[in-house]
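Trainee: Spelled out, the chains give:
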Amino acid sequence: MTEELRQNPARNSAAVGTGTNVYAIPPDQLENLDRALEKLLDQSKARCGLILDRTGMILAYAGDFHPVNPQVMGATAAGVIAALNSMVARAASPEINVRFYGSEVDRIHFLLLGDRLILCLLLGRTALGGNVRSAVKAFSSSVQPMLERFRPDARQAEDVLKSVQYIESKLDDMFKDYK
Amino acid sequence: MPIINYRTREINCKIVYVGPSLGGKTTNIQQIHGVIPAKNRTELQSIDTEGDRTLFFDYFSMDLEDIAGFKTKFLIYGVPGQPYYRSTRKMVLNGVDGLVFVADSDKSRIQDNLESMQDLKGMLTEYGYDYGTLPLVLQYNKRDLFFITPIEEFEDLLNDRGCRSFEAVAIENKGVVETFRAVCAEVIAKLNATLASQFGSYNR
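Order-wise, the sequence lines are chains R and U. The opening position of the first sequence corresponds to residue 1 in the numbering used here, with each subsequent residue numbered one higher. The opening position of the second sequence corresponds to residue 180 in the numbering used here, with each subsequent residue numbered one higher.
So that you can see chain U by itself, here it is in the shape it has in the complex (with noise of 0.2 Å):
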């Protein structure tokens, strides 16, 4: 549920990035974070454990420049994915208006992708969304390793909606930036038909 400020005219989007933990969404959101001109975002915050395993969740804006009256606020987070900490990414999932999966392509870890999908649905189910209407991106991440889980598995295992998907190597910003950009288009066209729907059309 995107939040309008008619005041600093300000439009908030929430973006988390899920997953299964190491599967790299603190990689995806550093690289992000690092090729957003310094003007554009915020510092980025993480509360990790002293492994630097993020214990809390990861954070930083990006604010587009005021466009037709209005400036953007994209709020980037990212979720621990051990599954223990279902209580923290539950948390940060309240008022989410976008997400990315991100999945890790190492052959072994094909179960712990499933898990963490079911894991998502429930929550998503817990808050009331719909998982089939919510704006979502599915990255296949650590393409670079040897014995990866085939794209065509992958789509059909983790990718039951026809989602957008991408491979990536976060580590090398390969796919990364395509991801994020595949989101933001995916919420940004949420809400406008959800703004269209809720107060009539711009262009009736």
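The following block holds chain R by itself, in its conformation from the complex (with noise of 0.2 Å):
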């Protein structure tokens, strides 16, 4: 298994957030980054791909993810680089590549896009190092101005204002045995 990020601590500290707002994409941002993640599988021939915020939560994905749940994978592979930003913002360099080498099956290549976004992509057997480099640098080229247009849509933030007046009564029901 091959591991591969550039990291660079200086620009981590704008990754949080302040807990007060909600980050809202719409979903014209969201078809762009599919048609990218989708062109990016077929250059590397990547096994599957997918770009989640640096909290966990899954923007978009494709591939073949059997057996693995991409939810779980996103959840990890947050975790992954918040542990290894802890450890490059020890090692106080302004830069650091991290390589691990282990099993032949699959290969893991991680990409930070912008201060809320990682790529995560599984390579596969058929993927080759040069080639994943090359399309993941015209992914993060093509898909760096996308994420400065992320802003909400005051009518579809209202149709979910609806939908969260709901949720209460659904976890209700869910947990009515425990009332």
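Check each hint, because a few of them may be wrong.
Listed next, the stretches of chain U that the computed footprint assigns to chain R, with coverage defined by at least 3 CB atoms under 8 Å from CB atoms of chain R [stated by the list, open to error]:
no., stretch
1, 217-223
2, 268-276
If we take Cβ atoms under 8 Å as the criterion, some of the chain R residues that face chain U in the derived model are [what the hints assert, rightly or not]:
no., residue
3, Asp-53
4, Arg-54
5, Thr-55
6, Gly-56
7, Val-68
8, Asn-69
9, Gln-71
10, Ala-82
11, Leu-113
12, Leu-117
13, Val-160
14, Ser-163
15, Ile-167
16, Glu-168
17, Lys-170
18, Leu-171
These are computed hints drawn from the structure, not numbers from a lab. For every residue, glycine included, the Cβ atom is placed at its ideal position computed from N, Cα and C.
Assembly of the complex is requested from the two constituent chains, each provided in isolation within its own frame, with the hints serving as guidance.
Mentor: Next comes the structure, spelled out in structure tokens:
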């Protein structure tokens, strides 16, 4: 297994949230992310990939994940990135490459996208390191402008508010035996 | 900061169980996981040591079915309680929407509870979170022990915000669901208020 990560600790401080804002991504931006991810998988011959928030929440995924649950993979990947951030910060180096060698079956490639997002690729047997690196570089250039345009939409937010009103009753229903 | 995905029409909320080591965080998560219908949850993932102590985190997600066009997903995490795993705890707290502090009622562990609460407040401050407004529920676990900290003492020492608190015996599934249900309610109320202030009230 190979994992590669480039980190810049000076940038990481901007990645944390305030706990007060809702982060909303409009559908057209997500579709652009989807298309970019599919193109990346095609070019790199990677088995599957996902784009997630640093908290582990998945924004897009594509390819063959079986038997891995993408949600669980996302949560674990976010944990790995956060732990490596912590190591990098302690090493006090502006940039560090981390590679792990192990099984031949799958390799993992991580890339940081802006302050909030992470790309995680499972490469499989068919993906070659050189192809992956050049495809990831092209992917990174294509999605950076999209990240700047993530903005909430007030009209759609009203739909969310409408939904939130009913979450309590759903939970009551689920835990009705424990009242 | 809940994340709303308009394409998959999902609302994601992150709940983290914190507290001193061996206080019952993992037991709480295992019990909740056990009572949620299988169709509404992922498998419980634990990264632990050979001694079954949580090393990295415990995790599963709970999905509520479609409500008025949106699905709600609660991501539930437990962190290692030992002091030397502070950096792991801190990384799991990134993006947290709601907290459950599981205190150990064993009288001899009062100092551990205090230190864990101080550690939590410190990490929230480092992230820029407002401890005073972040949804938080306290659980006083292991109430079946003989020498226990009285509730009044716990409230004085740990509950400076006057948050909702529950007595529990997590290993017997007593007080576990009530605690979880309470933190979900706090998170939903906060989400509602945040959405309303950010985008204007739905009922305007």
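Trainee: If a hint holds in the structure, say so; if it doesn't, say that too.
Mentor: Each hint, compared with the structure:
no. : hint    : verdict
1   : 217-223 : holds (count 3)
2   : 268-276 : holds (count 7)
3   : Asp-53  : 6 Å, holds
4   : Arg-54  : 6 Å, holds
5   : Thr-55  : 3 Å, holds
6   : Gly-56  : 7 Å, holds
7   : Val-68  : 11 Å, violated
8   : Asn-69  : 6 Å, holds
9   : Gln-71  : 6 Å, holds
10  : Ala-82  : 3 Å, holds
11  : Leu-113 : 15 Å, violated
12  : Leu-117 : 11 Å, violated
13  : Val-160 : 6 Å, holds
14  : Ser-163 : 4 Å, holds
15  : Ile-167 : 5 Å, holds
16  : Glu-168 : 6 Å, holds
17  : Lys-170 : 5 Å, holds
18  : Leu-171 : 6 Å, holds
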